[in-house]
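On the provided structure of chain A, position chain B as indicated by the hints.
For the protein sequence lines, the chains are A and B, in the order given. Each residue of the first sequence is one higher than the last, beginning at 0 in numbering that gives the first Met the number 0. Each residue of the second sequence is one higher than the last, beginning at 0 in numbering that gives the first Met the number 0.
Incorrect hints may have been included.
[To be verified] If you want the ones that stay clear, here's a sample from chain A, every Cβ over 12 Å from chain B, calculated:
hint, residue
1, Asp7
2, Gln9
3, Gln17
4, Gly54
5, Leu147
6, Ile184
7, Met370
[Claimed, not checked] Have a look at the derived ranges for each label pair, beta carbon to beta carbon:
hint, chain 1, residue 1, chain 2, residue 2, range
8, B, Glu13, A, Ala426, 23 to 33 Å
9, B, Arg12, A, Leu441, 37 to 47 Å
10, A, Thr297, B, Arg12, 41 to 51 Å
11, B, Glu13, A, Gln17, 55 to 65 Å
12, B, Gly54, A, Leu16, 41 to 51 Å
13, A, Arg1, B, Arg117, 46 to 56 Å
14, B, Ile114, A, Asp90, 52 to 62 Å
15, A, Thr297, B, Gly90, 12 to 22 Å
16, B, Glu109, A, Ala426, 51 to 61 Å
17, A, Thr297, B, Ser119, 52 to 62 Å
18, A, Arg1, B, Glu221, 45 to 55 Å
19, A, Ala426, B, Ile114, 18 to 28 Å
20, A, Thr297, B, Glu13, 28 to 38 Å
Source of the hints: derived by calculation from the structure; they are not laboratory data. Glycine residues also receive a C-beta, built at the ideal position from the N, C-alpha and C atoms.
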Amino acid sequence: MRWLLLKDLQILRRSPLQALLLVLYPILIALLVGFAISRDPDKPRVAFLNEVPEGSRIAVGDGRLPAIGVEDRICAAVECSHVADREEAIDEVRSGDVLAALILPADLVDRLNSLASLNPRTPEVDVIVNEEDPVKARLVDDRIDALLAQANLVAARRIAAEGGRYLGLLIDGGSFEVLGQSIEILGLRRTASILESVRPVLPPGPLRDALDEVLRFAGLARGNLDVAEPLLDRVAQPIVVDKQVISEPVPPLQVFAIAVAATLTLAFVTVLLVAGSLALEREENAFPRLTRGLVSPTALLVEKVLLGVAIGLVVTLLMLAGVQPFVSLEWSRFGLWVVAVVATGAALGAAGAALGAAAREVRAVSLLAFMVTLPIALLSLVPSGAVGGGVYDLIRALTALFPFRPGLDAIGAALDPAGGSLGEPLAHLAILLVAYAALARLALRRFAAV
Amino acid sequence: MRARGLVKRYGEREALRGIDLSVEAGERVAIIGPNGAGKTTLLSILAGIVRPDRGEVRSPNGRVGWVPQQAALYRRLTVEENLLLFARLEGHDDPRASVEEMLELTGLAERRSEIVARLSGGNQQRINIAIGLLSRPAALLLDEPSVGLDPRQRARLWGFVSSLGERGTTVIFSTHDIQEAERYGQRLLVLADGDGLFDGTAEELRAAVHSEAPEAASSDFETAFVAFLQHRGH
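Okay, chain A solo, but in the shape it has when bound (with noise of 0.2 Å):
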């Protein structure tokens, strides 16, 4: 067998761009893959322009609030790039550097102060958008929705704060200022507290009655304000999420990414490479040969398997080496990154190997395997809850006949310790490398066929 794996490296190193495709194409996708995928969603590019004059502010009454920092807000949710005018967020969101536009107009703090006067006008912003495709329309529409929901929110926080202040002076007393000047406000404690003094030296009578009747209204308004000031502050932003978790602790993000990339990596080596291998050895006339006493058709099986496994771990490894700039793994943790990839490289490579003993030709070979890989792959990263359910019960059931699923939770599972169980999917690589190889044994029949 050594034999056989030692000639088809030889054969590899003499293809030397097949070779390279094999190694650099997987390894280069599944890098932009990883990357696309551990990219933060809640940072995305926007081009920002506030023509809102500089020393606006919302006015409450007849005061005005300090700044918002509306600017600052946005650019802290989305990665700003700051335009100069309307053309030029105009040309950012044609040529695609960002995913929209966001403008303040110059008369949006005039028309948000029109509502408390009697001629209202709707504060409007401008959103330019390029909905190029369906998807990016509805990423834009649920990134802008969430940005203006946000600002909504500090808006009306800011406006209650502001209202719970002039409560406040309203109950404690204090000063306040009104064109330039100060006001002293006595407020209902103080009021109180001073007539209370007044009232033991007034005689029984209608006037201490009357002055009873005012301490007993000061009291009451004093404890209903009080109740008003959180009350305020909830209008603001009445329903909270109580976010809880019921499924089993998840890798980070980043961590998924590199799992996934590294799958695809692998899966793409290994079904190709042996896919191939197996096909080539009929187009070169050499299985009748090597199957008359010198290889048992199982031997040459095991073979192609192994040289996927080689191969594969290899170049997920050198894979998983190169991301380590970018992102930290855990390297303590390499013995368990081996027995993941060698298990789903095994039972991917069995799968390789009854589509190379099913297509038999290495042209058809190749396109069958991207044919089912790739879509398998895309499929077994839907989550649940993006599609129907009996939809996702399909893709569920599909996937699971192929060894990505597996294989993806068998490495995130490696890779970091909230992963979940390693033990699950290599139960089930190792079902599905004894079915797929069993397989390819049968389609070896009709694949020695004269």
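Just chain B now, kept in the frame of chain A:
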């Protein structure tokens, strides 16, 4: 090598209909017949690649070398790498010595480092045969070894095959070229549509052709042979 009552069906079609064959050690036997006669099927059964539906085969010492019609070797490996691989798989004690022997035998020693894909069809066929010889067979089966070769390559190939017979190796080869069979086969087995029509020397075949198709006796041997097949209902 003995074969008796070989029958092989592919679906409804009968590829062989009870073929008998007996070949002595060191003999060179040509199996001739038109396309679809059953030549490749017979050789594949003798080589143990295909199982007959009926009949039995007895091989000398169980060692029969097989050289398929299309070169069964790795075109991206060199001549030497191909020979070394199969010598190792054959379990030779000194595979490199076996490689040297085969390079010497095929006359390709100077081209040992060349990638097989860059060699001519004739040279590829010589390596193909050399690999078949690595098992040190008592009998070598060649399926249309000269197909696709130019006359010069064919002459070199048959010179090589004849030398094997002189070394004591039994050679059974198939061809649809009647002249090639007459020239290089000591005995000829004629097949047509799975039937064995004739088994004997070239002279005996000529006599049979002339007796069964006298109207074609004045024609060349190939034309007379075709008339013979027609007389036999093929």
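Would you say the C-beta atoms of A:Ala426 and B:Ile114 sit inside 18 to 28 Å of each other?
45 Å, violated
When you look at the beta carbon of A:Gly54, is every beta carbon of chain B farther off than 12 Å?
Fine: 76 Å to the nearest Cβ keeps A:Gly54 off the interface.
Is it true that the C-beta distance of B:Arg12 to A:Leu441 lies inside 37 to 47 Å, as the hint says?
25 Å, violated
Over 12 Å from every CB of chain B: does A:Met370 meet that, or does the non-interface label fail?
Fine: 26 Å to the nearest Cβ keeps A:Met370 off the interface.
Status of the given 41 to 51 Å range, CB of B:Arg12 versus CB of A:Thr297
31 Å, violated
Taking 23 to 33 Å as the hint, is the beta-carbon distance of B:Glu13 and A:Ala426 inside that range?
Given a distance of about 50 Å, which is not inside 23 to 33 Å, the answer is violated.
No chain B beta carbon within 12 Å of A:Ile184's
Label holds. Min Cβ-Cβ 94 Å, cutoff 12 Å.
Minimum Cβ distance from A:Leu147 to chain B greater than 12 Å, as the annotation requires
62 Å, holds
Taking 45 to 55 Å as the hint, is the beta-carbon distance of A:Arg1 and B:Glu221 inside that range?
51 Å, holds
Quick check: does the Cβ-Cβ distance between A:Thr297 and B:Ser119 fall within 52 to 62 Å?
Since the Cβ atoms of A:Thr297 and B:Ser119 sit about 36 Å apart, the hinted range of 52 to 62 Å is violated.
Could one say that the CB atoms of A:Thr297 and B:Glu13 fall in the range 28 to 38 Å?
Check passed, 32 Å falls within 28 to 38 Å.
Is the distance from the Cβ of B:Ile114 to the Cβ of A:Asp90 consistent with 52 to 62 Å?
55 Å, holds
In the structure shown, a violation is registered for the earlier hints numbered 1, 2, 3, 8, 9, 10, 11, 13, 17 and 19, in ascending order.
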